[in-house]
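Undergrad: Quick note, the sequences are listed as chains P and F, same order. The numbering of the first sequence is this note's numbering, which starts it at 1 and goes up by one. The numbering of the second sequence is this note's numbering, which starts it at 1 and goes up by one.
Hints in this document: simulated from the structure, not taken from any laboratory. Computed from a prediction, not measured in an experiment: that's the story for all the values here. Check before you lean on any hint, since a few could be wrong.
Residues from chain F shown here face chain P by an in silico Cβ test under 7 Å; the list is partial [unchecked claim]:
{"no.": "1", "residue": "P73"}
{"no.": "2", "residue": "C78"}
{"no.": "3", "residue": "Y80"}
{"no.": "4", "residue": "Q95"}
{"no.": "5", "residue": "Y99"}
{"no.": "6", "residue": "A100"}
{"no.": "7", "residue": "G104"}
{"no.": "8", "residue": "R149"}
{"no.": "9", "residue": "W277"}
{"no.": "10", "residue": "E278"}
Note that CB positions come from ideal geometry on N, CA and C, so glycine has one too.
In case you want the letters, here they are:
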Amino acid sequence: MNGRAGFTALVTIALATAIAFLTLPVLAIFLDSRPGALVSSLGEESAREALWLSLRTTALALAIILAVGTPAAYLLATRSFPGRALLLTLVELPLVLPPAVAGIALLAAVGPSGILGGALDALHIRLALETAGVVVALTFVASPFYLRQAQAAFASVDRTLLDASRTLGASEARTFLRVMIPSALPGLAAGAALALGRALGEFGATLMFAGSFQGITQTVPLAIYDRFATDFDAALALSGVLVAVSLGILVSVKLVLGAEALDGAAR
Amino acid sequence: MLRASARSRIGALELDASLEVAEGECLALAGPSGAGKTSVLRVVAGLLRPERGLVSCGDRIWLDTETGRDVPPEGRRCGYLFQEYALFPHLSAWQNVAYALGKGRRDDRRREACELLERFGLEQLADARPRTLSGGERQRVALARALARRPDVLLLDEPLSALDARTRASSSRELAAVLRQAQAPALLVTHDFAEAAQLGDRVAILDAGRVVQEGTPSELASVPGSAFVADFTGAVVLTGVARAGEDGLTVVDLGGGESIVSTDPGLGAVGASVHPWEITIERGGPGGVHGSALNRLAAEVTSVTQIGNRVRLGLAGAQPLAAEVTRASASGLGLSEGARVTATWKAAATRLVSL
């Protein structure tokens with residue numbers, strides 16, 4: 001066996017190991033659960049509630065992330081100002097924060113006895129142990145994924161396209177909507193897909209900040225943990241549902257944008 | 001009338017330039033890369049704000065740093081042709097053009113955009129995306145888009161540099177026609193003096209942020225104000241009317257009974273370009289000994305400019321001309337201002353260019 005063939009064999013084995021390691025546990029969820037358990041688990045009231053809550057809170061968190069994150073990322077990408085590097089680092093901080101720490105941090109900031117707790121109470125806003133708290137937790141942990149990708153996508157758009165738009169009579173706002181967003185769309189979509197996946201699977205920060213109350217704050221990952229100790233099969237079935245929903249979202253994003261666009265944005 | 005002046009530090013460049021361009025006139029801003037040519041265009045378009053400057057078009061003031069007036073780019077009617085054309089990749093050709101048309105019904109905007117594309121022979125490509133178009137087609141879509149807003153000023157940044165050599169000739173003819181028709185003042189940036197001479201009514205040479213000389217192309221080539229300008233101007237361009245001559249050669253009548261010949265084909269109004277270092281200088285009238293050079297023009301030396309080890313001679317004949325000789329020849333022949341000489345060069349060294 002010559003050197004080149006040996007190297008090819010080595011990298012092939014590495015890839016095969018990685019694929020097996022990454023897919024086997026996911027496949028096991030479906031192989032291990034009894035046929036029909038997936039469907040019947042959805043017949044359960046609490047499971048349906050958890051799924052509905054997960055979808056609602058994730059959609060709301062994603063809407064907030066897109067609405068605030070898109071203009072914020074645009075500013076970070078297109079303007080140079082003192083402290084910009086520091087801001088970029090601060091935005092990425094939640095990425096490296098353990099979820100439990102994120103939950104504690106949220107409690108300390110906007111919890112009932114947190115630094116802003118009094119102010120929120122005066123406005124009759126309660127977050128901890130409420131559905132609104134779930135949305136806050138999801139937004140906190142998922143937004144850096146979108147902000148980072150969106151910032152990179154905006155920064156890579158050719159500036160002369162923006163200049164051209166201005167000389168053709170478009171204001172900065174119209175240029176942002178008509179040229180910047182369409183040009184950065186593949187990167188924005190990739191970022192949104194990452195944030196969505198992170199929000200849908202969020203566990204630690206939600207548990208610490210919002211608790212695990214059925215129908216109010218118990219999202220699918222919390223419901224899975226809740227069942228895990230008592231009914232492993234139910235936990236397994238609910239996990240299967242979450243995998244199916246996540247996969248469905250990932251595939252539909254890829255189909256809408258084309259796999260090529262996502263690959264391009266990842267590069 | 002477009003008036004622009006700007007003083008500003010941009011990176012390592014100290015820009016200090018002022019220009020005036022009349023209605024229907026094209027001023028070519030020529031100079032080496034990094035001279036600040038594009039910065040001048042960006043100041044006029046409002047994409048770059050200089051520390052001190054004044055930009056006005058007709059009676060409208062676009063920028064006055066004294067009063068703080070600074071009209072944003074969208075408020076200045078500039079038709080800007082970018083170097084790489086900057087077509088929006090996510091829009092089709094007609095949508096790119098319609099972008100400049102502002103609000104209106106989709107059908108009306110499409111019709112108007114397609115009329116403009118038709119002017120450039122692009123009606124078949126209205127629905128094509130920019131990436132599927134050739135370089136020349138892209139340039140024409142960008143030109144149609146720049147004209148769609150009925151601009152008060154045309155700004156062209158290296159309009160031919162992104163094209164291959166074959167497309168460049170036809171493209172420059174087309175561009176010259178567009179510039180002739182346009183009523184608006186036009187400011188064209190190029191690093192190529194031949195291109196500046198071909199497209200510009202006047203040429204301003206920019207070096208390190210300053211306009212070092214301004215004039216007609218032949219004035220600059222024949223009477224360069226400095227060694228830099230002489231070096232930069234390169235070829236001399238004579239204008240005349242071409243017709244077929246003997247032996248497959250082309251005869252170009254320069255007016256005043258004088259003519260030259262070229263090995264290039266050509267017919268009608270043409271420019272005949274020759275490099276100053278191809279021109280040989282003889283003392284006395286043109287009736288002397290004939291060598292292999294077919295072109296012989298009587299001229300008077302109007303300027304003598306030293307460029308390193310050579311001398312650029314400005315010559316006044318039927319048309320202004322420039323020749324370069326070594327320092328030794330210049331002193332040997334006693335070439336000084338007012339000397340009567342004959343400029344000779346070969347037909348094979350004469351390039352015919354379209355005007």
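Undergrad: Classify the hint on F:R149 as holds or violated, based on whether any CB of chain P lies nearer than 7 Å to its CB.
TA: 6 Å, holds
Undergrad: Mind checking the CB of F:Y80 against every CB in chain P and telling me if the closest is under 7 Å?
TA: 4 Å, holds
Undergrad: If you take the shortest Cβ to Cβ gap from F:Q95 to chain P, is it below 7 Å?
TA: At about 10 Å, which exceeds the 7 Å cut-off, the nearest Cβ of chain P leaves the hint on F:Q95 violated.
Undergrad: Does the interface hint hold: is F:Y99 within less than 7 Å of chain P, judged Cβ to Cβ?
TA: 5 Å, holds
Undergrad: Are F:E278 and chain P close enough, Cβ to Cβ, to be under 7 Å, as the hint says?
TA: 39 Å, violated
Undergrad: When the nearest CB of chain P is found for F:P73, is that gap smaller than 7 Å?
TA: Check passed: Cβ of F:P73 comes within 4 Å of chain P, closer than 7 Å.
Undergrad: Tell me if F:A100 is really an interface residue toward chain P, meaning its C-beta lies closer than 7 Å to one of theirs.
TA: 4 Å, holds
Undergrad: Have a go at the F:C78 hint: is there a Cβ in chain P nearer than 7 Å to its own Cβ?
TA: Interface hint status for F:C78: holds (5 Å vs cutoff 7 Å).
Undergrad: Verify the interface restraint on F:G104: the C-beta must sit less than 7 Å from at least one C-beta of chain P.
TA: Hint violated; F:G104 Cβ to chain P Cβ min 13 Å, cut 7 Å.
Undergrad: Taking the least C-beta to C-beta distance, is F:W277 closer than 7 Å to chain P?
TA: 38 Å, violated
Of the hints listed earlier, those the structure fails to meet are numbers 4, 7, 9 and 10, in rising order.
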